[in-house]
Amino acid sequence: MLTVATWNINGVKARIDSLTKWLEESAPDVVCLQEIKSQDETFPTEAVERLGYNVATHGQKGFNGVALLSKRPLEDITCRLPGDEEDEHARWIEATVSTDTGAVRVVSLYLPNGNPVDSPKFGYKLAWMDRMLAHAGELLATDEPIVLAGDYNVIPEPMDARHPDRWVDDALFQPESRSRHRALVNLGYLDAQRAVDRSEGIYTFWDYQAGAWQKNNGIRIDHIMLSPFAADRLESVTVEKHTRGWTKPSDHVPVMVTLDV
DNA sequence: ATGACAAAGATCCTTTGA
Numbered sequence: 001m002l003t004v005a006t007w008n009i010n011g012v013k014a015r016i017d018s019l020t021k022w023l024e025e026s027a028p029d030v031v032c033l034q035e036i037k038s039q040d041e042t043f044p045t046e047a048v049e050r051l052g053y054n055v056a057t058h059g060q061k062g063f064n065g066v067a068l069l070s071k072r073p074l075e076d077i078t079c080r081l082p083g084d085e086e087d088e089h090a091r092w093i094e095a096t097v098s099t100d101t102g103a104v105r106v107v108s109l110y111l112p113n114g115n116p117v118d119s120p121k122f123g124y125k126l127a128w129m130d131r132m133l134a135h136a137g138e139l140l141a142t143d144e145p146i147v148l149a150g151d152y153n154v155i156p157e158p159m160d161a162r163h164p165d166r167w168v169d170d171a172l173f174q175p176e177s178r179s180r181h182r183a184l185v186n187l188g189y190l191d192a193q194r195a196v197d198r199s200e201g202i203y204t205f206w207d208y209q210a211g212a213w214q215k216n217n218g219i220r221i222d223h224i225m226l227s228p229f230a231a232d233r234l235e236s237v238t239v240e241k242h243t244r245g246w247t248k249p250s251d252h253v254p255v256m257v258t259l260d261v
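For the first sequence, UniProt numbering gives the first residue as 1, with consecutive numbering after it.
Honestly, the hints are just simulated from the structure, not real lab data. On a predicted model such as this, the values are computed, not experimentally measured, just so you know. None of the hints are false.
Each pair of labels, with its calculated beta carbon distance range: (1) G123 / K13: 30 to 38 Å; (2) E25 / G102: 24 to 32 Å; (3) A195 / E41: 33 to 41 Å; (4) L140 / I77: 19 to 27 Å; (5) E138 / G102: 18 to 26 Å.
Don't be surprised by glycine CBs; every beta carbon is placed ideally from N, CA and C.
Modelling step: build the complete structure from the supplied sequences, incorporating the hints.
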């Protein structure tokens, strides 16, 4: 069994106590972090290594930044999403994790927010998604199971928001964003959460503002997408909702899959 | 229509996020 989790931690240095607490409590084999808001040199590597994890980071100053933590060695680590040499944002890191019975290619991705919609940020988001689709298609050519885990900044369906009507002008819920997310599904990637549970009220993000957590005004934007070989191995999905109630929480909570590999 | 929160950087305000 291999458990793979994703968590937009919203600042790893501000959240290191929560991260270590959660790692000890849930003991995932692999963790995909986003928004570490840290450079590689200042990532709290020792605190994570003490708990038995190998660490690979792709950080930058102040914002963005992704990382992979793994109890097993991280092999063939590559950073950056192909397709635009000019893109300096640290939003993509992938590596291979080998188990006794095989190997899995794991990606930690942080898809651009894209707001406001009438700004270049939205065009950047859509172009980034097109690059993601191209690369995700290339990855399918291998015979390794592929796990694309991260903060997608996309609300796939109305049922993925408590108040979908409030998101109609938001980049996370635009038809252009949602259609590109569906294109990933049409490539063959399975939304692990929706494969096991189609019920309403499953959220992974609650805004810090206006008492969103207390009112359960959430959205589901953190996704674990599985290639066909990975989907064949899917056992279970868990949303670690309780961490949103901790002191000094991230506004996102971890999502975790268990794979029979 | 607007603000409400939070983290980080180089200050005591701005940028970024969703």
